[in-house]
Amino acid sequence: MKSTSIARIVRGAASLALAAALPALAQDVNLARNLAATCANCHGTNGQAKGDMKPLAGLSADKIVAMVADYKSGAQPATIMHQISKGYTDEQIRLVAAYFAAQPAARK
Amino acid sequence: MRANSMNSTRRRLLGAGTALGGLATLGLAGCASTGGPSIGRVVVVGGGFGGTTAARYLKMWGGNVDVTLVERGASFVSCPISNLVIGGYRQMADITRGYDGLKSMGIKVVQGEVTTIDVAGRKVRLAGGSELPYDRLIVSPGIDFMWDQVGGLQSAVDAGRVVHAWKAGPQTVAFRQQLESMADGGVVAISIPKSPYRCPPGPYERACMVASYLKTAKPKSKLLVLDANPEVQSKKALFEKAFKDHYSGILEYRPNAEIKEVSGKVAKLEFEDVRADVLNVIPPQRAGDIARTAGLVNINSRWVGVNWLTMESTVAPGVHVLGDATFPAPQMPKSGHMANQHAKVAAAAIIQLLKGQPVNATPVVMNTCYSFVTARDVVHVASVHQYDATDKTFKTVPGSGGVSAAANQIEGRYALSWAQNIWDDMLEAV
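From first to last, the protein sequence lines are chains A and B.
Its first residue numbered 1, the first sequence is counted upward by one per residue in my numbering.
Its first residue numbered 109, the second sequence is counted upward by one per residue in my numbering.
No wet-lab data here; the hints were simulated from the structure.
Computed from a prediction, not measured in an experiment: that's the story for all the values here.
Be aware that a few hints might be false.
Stated by the list, open to error - Covered, in the sense of this in silico footprint (three residues per stretch, anywhere, with C-beta under 8 Å from a C-beta of chain B), are these stretches of chain A:
1) 30 to 37
2) 59 to 73
3) 86 to 95
What the hints assert, rightly or not - List time: in silico SDA-like cross-link candidates among lysine to any residue, alpha-carbon distance up to 25 Å:
4) A:Lys54 x B:Gly510
5) B:Lys330 x B:Arg484
6) B:Lys503 x A:Ala78
7) B:Lys231 x B:Gly426
Cβ coordinates follow ideal geometry from the N, Cα and C atoms, glycine included.
Whenever a hint applies, use it, and build me the whole structure from the sequences.
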């Protein structure tokens, strides 16, 4: 098999996997990164927060998704996250969660 | 596999390694990039919340982008938290950070002032005559003052009789020193301009910090808050409660009290003169000077219109404008936090544009402003803004955002952590 066709298959498989996971947003591979960057002002660059802010880097994606769902529903009381979480779609939260899960755990 | 074919493969790999090593060395020598040829030159004008964040994220996300940051000051001084310095609860060192982190990332930091932007020729000229060519330019100039709106104000500030303290730095120090020098029983006045101005809750936080200082150190003194607006412009109920609960008898809030002229230490309003021992006039504002001289100001003779997908000026191709200088999307505040968010939209878009690839069609920005109402109690306002492709602007998401239920000390800690994290997000080496 020629290497160009292998590369094409690999690329195809990658975009298929991405498309399956993120139907409406698959066109922009940087979308998760860009969305997660909106959290960095408080939660640190790439989720590596300092001080009293919660570090998000290295948490499991499922945990982040569940936390945000609880903020949205009100199950988890908050000072501010109940208001901010409602500004993002569930699909955006899944992207953000996957991005932070893939980051090295926070420095201290 | 035969031995000689293995050897030739190994030789080819070694050869490739040497070539790559050479390329990386060239890259480092040329632009301190992370390898490979540069994808483009970006010049950033202004080292505040917007400019530093843009420079840093261009490097983080773009890698081999040549980034040059031009800033007048030797270091960054934060407006957020500066009201705590005025109140005596923090020092200037706490709100001052250097640009060394950015330098160590390979960003060229030039201390200087851009005097001319040549949009057609894609270069900027600095005071002193040197030129910097660019493929994309970011202008994050903050605000400058409309001195002519208040008679006598500029000369009074120049002479040190009146302080504005609406750009953090020597003015912050001067305001604090005047408060410390004032005798107990003196009168302090803070004049607030009509909206829009930089940091909507900022003047009311400042009023709380000054009143808090007077209450503790000079309890016979008074603070007059002269607001040109008909009411408190941000977190209204929370600030009004703080004024009443903590500062009654010290702080007097007057709506519709627009200053027209300054004479000595007298603030002349429409129907009365207010004499103050310490007079802080926050002047009316517009986009920073360089935006005006470069012809970028195209809305209400004050602000810069931008394409929200890229932050590119609507009148100057290749010039991206961030932060307070922009004409905002609906309910988008002029804040350091928002400038930081603008910067990330711009950085992502510029990298795509330099690579000839499509920009993010669905950007999101959000804002959080924490305000101290006492030395420890804080209130917030937050908003999330999603791009609306139909109207080509950012819109707040219905049901999202809001303000604190009540002032509280937990958010007092969060406010300080917010500052630590956003300053790192702008300035810390990666």
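If you draw a straight line from the CA of B:Lys330 to the CA of B:Arg484, is it 25 Å or shorter? Holds - the C-alpha atoms of B:Arg484 and B:Lys330 are around 22 Å apart, at most 25 Å.
Would the hint linking B:Lys231 and B:Gly426 be met if the CA-CA limit is 25 Å? holds, 11 Å
Sort out whether A:Ala78 lies within 25 Å of B:Lys503, counting only the CA atoms. holds, 24 Å
Next pair to validate is A:Lys54 with B:Gly510; report whether the Cα-Cα distance is within 25 Å. Satisfied, since the Cα-Cα distance of roughly 20 Å is no more than 25 Å.
Closer than 8 Å Cβ to Cβ for three or more residues is the test here. Does the segment 86 to 95 of chain A pass it with chain B? Our answer is that it holds, as 4 residues pass the Cβ test (under 8 Å) against chain B, meeting three.
Holds or violated: the segment 59 to 73 of chain A covered by chain B, criterion of 3 or more residues with Cβ-Cβ distance under 8 Å? Not satisfied, violated; 0 residues make the cut.
Verify this for me: three or more residues of the segment 30 to 37 of chain A with a beta carbon less than 8 Å from a beta carbon of chain B. holds (count 6)
Consistency note: the structure conflicts with earlier hint 2 alone.
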